[in-house]
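Enquirer: With my numbering, the residue at position 190 of the sequence shown is 450, and numbering never jumps.
Everything labelled a hint here was simulated from the structure, so no lab data went into it.
Computed from a predicted model, the values in this text were never measured in an experiment.
Cβ coordinates follow ideal geometry from the N, Cα and C atoms, glycine included.
Incorrect hints may have been included.
To be verified - Pairwise CB distance ranges, derived in the manner of DEER restraints: (1) Glu454 - Pro352: 21 to 31 Å; (2) Asp500 - Lys438: 24 to 34 Å; (3) Ile363 - Phe264: 18 to 28 Å.
Said to hold, decoys possible - Restricting the straight-line Cα-Cα distance to at most 25 Å, the calculated cross-link-like pairs of lysine-lysine (PhoX-like) are: (4) Lys432 - Lys360; (5) Lys330 - Lys391; (6) Lys361 - Lys401; (7) Lys361 - Lys391.
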Amino acid sequence: MRTFLDVLFVIIFLIVSLPVMGVEFIISKFSKHHADMIQLRFVQFGFKFIMFLSGVHLTVEGRENIPQDKAVLYIGNHRGFFDVVAAYSQCPNPTGFIAKKSIGKIPVLSLLMRRIYCLLIDRSDIRQNMKVILTAIEYAKSDVSICIFPEGTRNKDADVTKTLPFKEGSFKIAQKAKCPVVPMAIMGADEVLENHFPWVKRTNMTIKYGTPFYIEDLPKENQKKAGAYTQAIIEDMLKDLATRNSEK
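All chains, full assembly: derive it from the sequences and hints.
Expert: Right under this line is the structure:
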């Protein structure tokens with residue numbers, strides 16, 4: 261039943277998004293910021309409602325670590341589709357996600373994604389990857405935050421405290437845009453859908469935001485390996501969450 265309700269809501273949401281984007285386009289002629297915020301809140305409403313229908317209970321820790329007055333680079337671990345749903349629902353300001361190119365084949369969704377600054381990446385095309393990173397840098401310089409899961413694919417390891425190696429190229433966004441990196445540990449996303457696909461199951465999810473940092477403030481050796489540095493932070497946060505969950 262939850263799966264059916266989710267699919268039905270997504271279809272209705274995408275249909276309704278068309279006139280909403282039309283209204284937002286008109287508003288953008290007068291105030292781009294207000295138009296961006298309307299679109300952000302609209303999509304966040306949709307994602308929060310999907311979590312409600314799915315029976316997801318989301319706990320957020322470290323929300324105070326998210327800068328409210330500047331663009332940031334969110335870096336998170338990736339275990340399932342609901343990573344994106346949960347993370348985007350918490351963004352205080354316009355934020356673009358970097359996602360795989362295949363998602364852009366879904367009608368209407370691709371249009372909506374472009375409007376909220378999402379970028380689609382083809383992992384097999386190095387030149388296209390570079391263009392996406394350069395566009396993300398320009399977005400960040402224009403006060404649009406970027407969220408990326410630098411593992412490059414969904415991690416299926418049974419050990420929820422482990423992550424795949426982080427791709428260092430993702431961190432060029434923060435280096436060139438001179439914006440802070442916000443580490444983001446997400447736990448429980450795969451328990452909503454992927455572990456028993458296609459059925460959606462009620463579960464608990466947690467997002468824990470770490471202390472933001474600027475790459476240029478790190479020691480030289482960590483600046484060169486910002487991916488490995490951030491990966492270690494996120495794995496430590498995942499271990500903390502797993503330990504506390506086991507004690508409940």
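Enquirer: Give a verdict on every hint.
Expert: Against the structure, the hints come out as follows:
no., hint, result
1, Glu454 - Pro352: 21 to 31 Å, "28 Å, holds"
2, Asp500 - Lys438: 24 to 34 Å, "29 Å, holds"
3, Ile363 - Phe264: 18 to 28 Å, "22 Å, holds"
4, Lys432 - Lys360, "18 Å, holds"
5, Lys330 - Lys391, "23 Å, holds"
6, Lys361 - Lys401, "24 Å, holds"
7, Lys361 - Lys391, "13 Å, holds"
The structure agrees with every numbered hint stated previously.
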